[in-house]
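The whole structure should be built from the sequences, with the hints applied where relevant.
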Amino acid sequence: MATKRTIEVELSTTGIGPDGKPQRVPLVAGESGGVALQAPPGIEPDLEGEHMLINIGPQHPATHGVLRLVLELDGETVVRCIPHIGYLHCGFEKIGEYRQYNQIIPWTDRDDYLNCVGNNIAFAMGAEKLFGIEITPRCTVLRVIGMELSRIISHLVWMGTTCIDIGAYTPFLWSFQERENVYNLFEGWVGARLTTSASRVGGMAADIPDGWLDGLKAWVRTFPKTLSECDRVVTKNGIWVGRTVGIGAMSPDEAINYGLSGPMLRASGVDYDVRKDFPYLDYETYDWEVPIGVNGDVYDRYLVRMEEMRQSVRILEQAIARLPDGPVNVDDPRVILPPKHKATSEMESMIHHFKNVMEGPRPAIGEAYVAVEAPKGEKGYYMVSDGSSKPVRWRIRPPSFVNLSAIPKMVEGHLLSDVIAINASIDIVMGEIDR
Amino acid sequence: MSEFTVIRAGSAPGLPVPATPRNVPHRGGEANPSAATLKAKFGDAIVRVDVVWGETNVVVAMDKALEIITWLHDEPTESYEYLSDVTAVEFRDRGLPIEIIWHLRSLKHRRFLRLKGLIEKGRPLSAPSVYGVYKGADWLERECYDMFGVTFEGHPDLRRILLWEQYAEGYPLRKDFPLRGRFSRAEQLEQALAANPEARYSMEELSVADAYADLPQDMRARIKGGESTGE
Chain A
1 MATKRTIEVE
11 LSTTGIGPDG
21 KPQRVPLVAG
31 ESGGVALQAP
41 PGIEPDLEGE
51 HMLINIGPQH
61 PATHGVLRLV
71 LELDGETVVR
81 CIPHIGYLHC
91 GFEKIGEYRQ
101 YNQIIPWTDR
111 DDYLNCVGNN
121 IAFAMGAEKL
131 FGIEITPRCT
141 VLRVIGMELS
151 RIISHLVWMG
161 TTCIDIGAYT
171 PFLWSFQERE
181 NVYNLFEGWV
191 GARLTTSASR
201 VGGMAADIPD
211 GWLDGLKAWV
221 RTFPKTLSEC
231 DRVVTKNGIW
241 VGRTVGIGAM
251 SPDEAINYGL
261 SGPMLRASGV
271 DYDVRKDFPY
281 LDYETYDWEV
291 PIGVNGDVYD
301 RYLVRMEEMR
311 QSVRILEQAI
321 ARLPDGPVNV
331 DDPRVILPPK
341 HKATSEMESM
351 IHHFKNVMEG
361 PRPAIGEAYV
371 AVEAPKGEKG
381 YYMVSDGSSK
391 PVRWRIRPPS
401 FVNLSAIPKM
411 VEGHLLSDVI
421 AINASIDIVM
431 GEIDR
Chain B
1 MSEFTVIRAG
11 SAPGLPVPAT
21 PRNVPHRGGE
31 ANPSAATLKA
41 KFGDAIVRVD
51 VVWGETNVVV
61 AMDKALEIIT
71 WLHDEPTESY
81 EYLSDVTAVE
91 FRDRGLPIEI
101 IWHLRSLKHR
111 RFLRLKGLIE
121 KGRPLSAPSV
131 YGVYKGADWL
141 ERECYDMFGV
151 TFEGHPDLRR
161 ILLWEQYAEG
171 YPLRKDFPLR
181 GRFSRAEQLE
191 QALAANPEAR
201 YSMEELSVAD
211 AYADLPQDMR
221 ARIKGGESTG
231 E
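Protein chains in written order, with this note's numbering: chain A, 1 to 435; chain B, 1 to 231.
If you're looking for bench data, these hints aren't it; they were derived computationally from the structure.
Some hints here could point you the wrong way.
Simulated restraints, written as ranges between beta carbons of each label pair [what the hints assert, rightly or not]:
id	chain 1	residue 1	chain 2	residue 2	range
1	B	Val6	A	His60	31 to 37 Å
2	A	Ser388	B	Arg22	26 to 32 Å
3	A	Lys217	B	Gln191	52 to 58 Å
4	B	Asp74	A	Pro137	49 to 55 Å
5	A	Pro209	B	Arg48	49 to 55 Å
One-sided and incomplete, this derived list gives chain A residues near chain B with beta-carbon spacing under 7 Å [claimed, not checked]:
id	residue
6	Ser251
7	Tyr272
8	Gly366
Below, in silico cross-link-like pairs of lysine-lysine (PhoX-like), each with a Cα-Cα straight-line distance of 25 Å or less [to be verified]:
id	chain 1	residue 1	chain 2	residue 2
9	B	Lys121	A	Lys94
10	A	Lys390	B	Lys41
11	A	Lys94	B	Lys175
12	B	Lys41	B	Lys64
13	B	Lys64	B	Lys39
14	A	Lys342	A	Lys94
15	A	Lys390	B	Lys175
16	B	Lys121	B	Lys175
17	B	Lys108	B	Lys39
18	B	Lys108	B	Lys41
19	B	Lys41	B	Lys116
20	B	Lys64	B	Lys121
21	B	Lys39	B	Lys116
22	B	Lys116	B	Lys135
23	B	Lys41	A	Lys276
24	A	Lys225	A	Lys236
25	B	Lys39	A	Lys94
26	A	Lys390	B	Lys39
27	B	Lys121	B	Lys41
28	B	Lys135	B	Lys64
29	A	Lys342	A	Lys355
30	B	Lys39	A	Lys409
31	B	Lys64	B	Lys116
32	B	Lys135	B	Lys108
Cβ atoms here follow ideal geometry from the backbone N, Cα and C, with glycine treated the same way.
Here you go:
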């Protein structure tokens, strides 16, 4: 339900009226008694009735990547919005048909590059479904930790960049500082910061090193403090509230019909979270809440994301407390390589290692769709296997692609400056949209 | 500002507490109850029902697909109000039909259903558009058209979305499309250098602002010659 705004266009003339105040006359003379303005010589007359086309992007900092929006404006009000995407298209899905399952994991880093660990794990879950593998208890908890950490950093980037779009700089610095701390943790775990490739089919790339959990515990203790500082400077900030409340609202029915997911859907008052309703990785055994908005506007999306970060911290605390000992990788020779010392000393292990690397593991014929609650929404990996070591079809269900498709509906009737706020509130990642 | 009434997923009575699925069998297992309902309601239009890794596949006759999806959306006992995905699958085996896939979710009943429509090889690639039922199908169908060349009958604005409108090499996710594209690197570079970015504004965009009349004569001629309308 987009709230239409009437724009009170008034023109302050240089003349002083009889009351000693600057004369303000309506721009458009009508039956309401406005004064007909005579355009001074040399100045263009009123542009009433003429629509203007404005192009935003693809190279524009507020479009968060290479999004191009063509806006048809009536004055400053958006009449129509035509999005253009595809500037970052690299054919991930095509390439995936030529790669073994473990070789696809680095590509999942690059589709939603703010949520790398979450994507890696989601893909591995899909491949494990095709192989019929049950992962170990330790791996399950480690994956929950990875998923929630990457949810937090994705939301932090969202908050920082949205604050910049709307005119605040400080929360950006605070949130990126915290994001650096999480990247340090990832670096200690898998050796990479941004493109982690943290998971493997049947387990993880590495177990966490000694002492890593202490670093995570310290971060989980200090992070809520930063969060509440951001909350203090932003949530009741007059500019922030003025720019976000009532902007780009979607009703619950519309949001469902447009296929929105994640914080976008929950801000519109739909209590649907994949982790609660179609659980995976034992999310049903953790104690946490799903934040719901009731107005569906940009402000509610902000509140939902802030609360999601707090809930993620709650999940992290419980995951740290319950992390069991034991192996990380499953004991399944189809997908897991033999230990290195055996591969160099035993003939069978060497053959096994060679076959697993060169030919790749082969799942049974079948198909699997795995959906996880990514920071942007329902992220789905759909894989079809014909029994060979490479998928016949690897489909990414990109949440921000579907969320972005509702932008023409959301910006209609709003001002040009609201387009920036609405676009920021979708939390788009062009790597995922264009793939 | 009005506050919305919160819609809760899993609001249907008597649903079990959701739990992480364990020890899912490859074939068989418990089918989504909607499959049996569909079979009873639509009979021959339901070609096949199977359960793979715990997910129910329902293969439907393509000419009845829209009717079935509309019914699934509107019927309160099914209430598949959420469209997750629309996509297609082409197999390496040339004899197998191309599958159009609809991933549907019922939030109310916490169900997940995969509908498939089959297009035999050699038949025109065409499927009904579900845009009238789910607005979210807009871009998903456009992407499927862009990547596979499937025409979604009834889609209001079916044009390429990730690739540009003049892209003439075909449909990249089809199995007969080579990984590196159809043209050589040199030819691709040559085409890219010769491309005129101004002409990439669609006719629609240009006509909105009445800017078409202001364009230089040569550009108007090029657009008229079909440069911006693709293929």
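Q.
With the threshold set at 25 Å, check whether the alpha-carbon distance from Lys64 (chain B) to Lys121 (chain B) stays at or below it.
A. Status holds; Cα separation ~19 Å.
Q) Is Lys39 (chain B) within 25 Å of Lys409 (chain A), Cα to Cα? A) 37 Å, violated
Q: For the pair supplied as a hint, Lys390 (chain A) and Lys175 (chain B), confirm whether the alpha-carbon distance does not exceed 25 Å.
A: 14 Å, holds
Q.
For Lys39 (chain B) and Lys94 (chain A), compute the direct alpha-carbon distance and say whether it is at most 25 Å.
A. Not OK: Lys39 (chain B) and Lys94 (chain A) at ~35 Å, beyond 25 Å, violated.
Q. Between Lys390 (chain A) and Lys39 (chain B), is the straight-line Cα distance small enough, at 25 Å or below?
A. Answer violated: Lys390 (chain A) to Lys39 (chain B) is near 34 Å, above 25 Å.
Q) Within a Cα-Cα threshold of 25 Å, do Lys108 (chain B) and Lys39 (chain B) meet the stated pairing? A) Within the cut-off at roughly 21 Å; holds.
Q. Is Lys41 (chain B) within 25 Å of Lys276 (chain A), Cα to Cα?
A. Between Lys41 (chain B) and Lys276 (chain A) the Cα gap is close to 31 Å, so the pair fails against 25 Å, i.e. violated.
(Q) Does the beta carbon distance between Pro209 (chain A) and Arg48 (chain B) stay inside 49 to 55 Å, or does it fall outside? (A) Distance hint for Pro209 (chain A), Arg48 (chain B) holds at roughly 50 Å.
Q: Measure nothing beyond the straight line between the CA atoms of Lys94 (chain A) and Lys175 (chain B); if it is 25 Å or shorter, mark the hint as holding.
A: 9 Å, holds
Q: For the pair we were handed, Lys41 (chain B) and Lys116 (chain B), check the Cα-Cα distance against 25 Å.
A: Since the Cα atoms of Lys41 (chain B) and Lys116 (chain B) sit roughly 17 Å apart, the hinted pair holds (cutoff 25 Å).
Q. Lys121 (chain B) and Lys41 (chain B): Cα distance at most 25 Å?
A. 29 Å, violated
(Q) Check the hint pairing Lys121 (chain B) with Lys94 (chain A) against an upper bound of 25 Å on the C-alpha distance. (A) Holds, because 20 Å separates the two Cα atoms, which is no more than 25 Å.
In this structure, the earlier hints numbered 4, 10, 14, 23, 25, 26, 27, 30 are contradicted, and the remaining ones agree with it.
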